[in-house]
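Asks: Sequence:
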Amino acid sequence: MRTVRSYVRWAVRAKPGDYVIALGAASASVPLVGRHLEVLAGFAALGVGGRRYVSSIGVGLARARLGSISTEERNTQRAFTPGLLSEALDGVVSAEDLAQPWPVYRERAPFLKAAGQRRYVYRSSVRYGDRPSQLLDVWRSQDPAALQKPAPVLVFGSRELQGHALMAHLVRRGWVCLSIQYGSSPRHRWPRQITDVKAAIAWARANAEQFGGDPSFVAVAGCSAGGHLATLAGLTNGDPQWQAELHADADTSVDAVVSVYGLYHWHDKSTAIGRFLHHVHQDRRDGTVTSAI
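Read in order, the letters of the sequence shown correspond to residues 1 to 293 in the UniProt record's numbering.
This list has only true hints and no planted wrong ones.
Pairwise CB distance ranges, derived in the manner of DEER restraints:
| id | residue 1 | residue 2 | range |
| --- | --- | --- | --- |
| 1 | 238 | 97 | 25 to 35 Å |
| 2 | 125 | 6 | 27 to 37 Å |
| 3 | 86 | 16 | 43 to 53 Å |
| 4 | 12 | 244 | 29 to 39 Å |
| 5 | 3 | 264 | 29 to 39 Å |
| 6 | 93 | 189 | 39 to 49 Å |
| 7 | 256 | 77 | 33 to 43 Å |
The set of hints was computed from the structure by calculation and includes no laboratory data. For each residue, glycine too, the CB sits at the ideal point set by N, CA and C.
Please model the entire structure based on the sequences and the hints provided.
Replies: Below you can see the structure in the form of structure tokens.
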């Protein structure tokens, strides 16, 4: 637990950007509307940490729009893309899958299409646990005949709007999607993230059927940070370490994992003395004493 001294030390050393991020995170604690304000902390962090890249991004966009390649030439290049990808994937992906039409490139940014795609939201802010942040949206078709399909639990990273297109695509094919909110950093410390995902999976097993989903096939999918959490969820089926808050009979197993550009390969770059000091600090927090000779 942080002490008054640690808060004072942080206040003295913090920069203006740190205060902006802290205020954004604090807004998430406001009753009723806090969940909708939590995104402010993310935007604040992006603004503070990403400002150094603004100029390079602007130059890249300007070159793409005003460069030597004309719009006609750019469209011609895009027209060749499906054929090139099909040739590259020949022998790797089945001919039946390659025969499917490739997505059509669209100029509109994802956030401009998000509002229209949210028409597939069947229920919003459904609780999957007791914590205020444990909420999910149910995405499904209004046609009952198209249901009883797998129920994937979608865990997204910071760019949540990108997931709207994916869920709209699955809903049009009869799937029932559960888009979850989970406790994210810096407001929530590890392992809150994975325990929230586990709670959502257990909820899907127990409740997906009432929304038209098939509880016998629950998948977990995610992108970026969500992909990392989806992978961890798939590798820890039934692990009691990550589901101590759930009932003993809770089923957190998944039948499939779809992880898109998640983080998989980790390397411990800490030094021996750093690891030792970490254990000393942990022992002090637990109220025990560690000695070394």
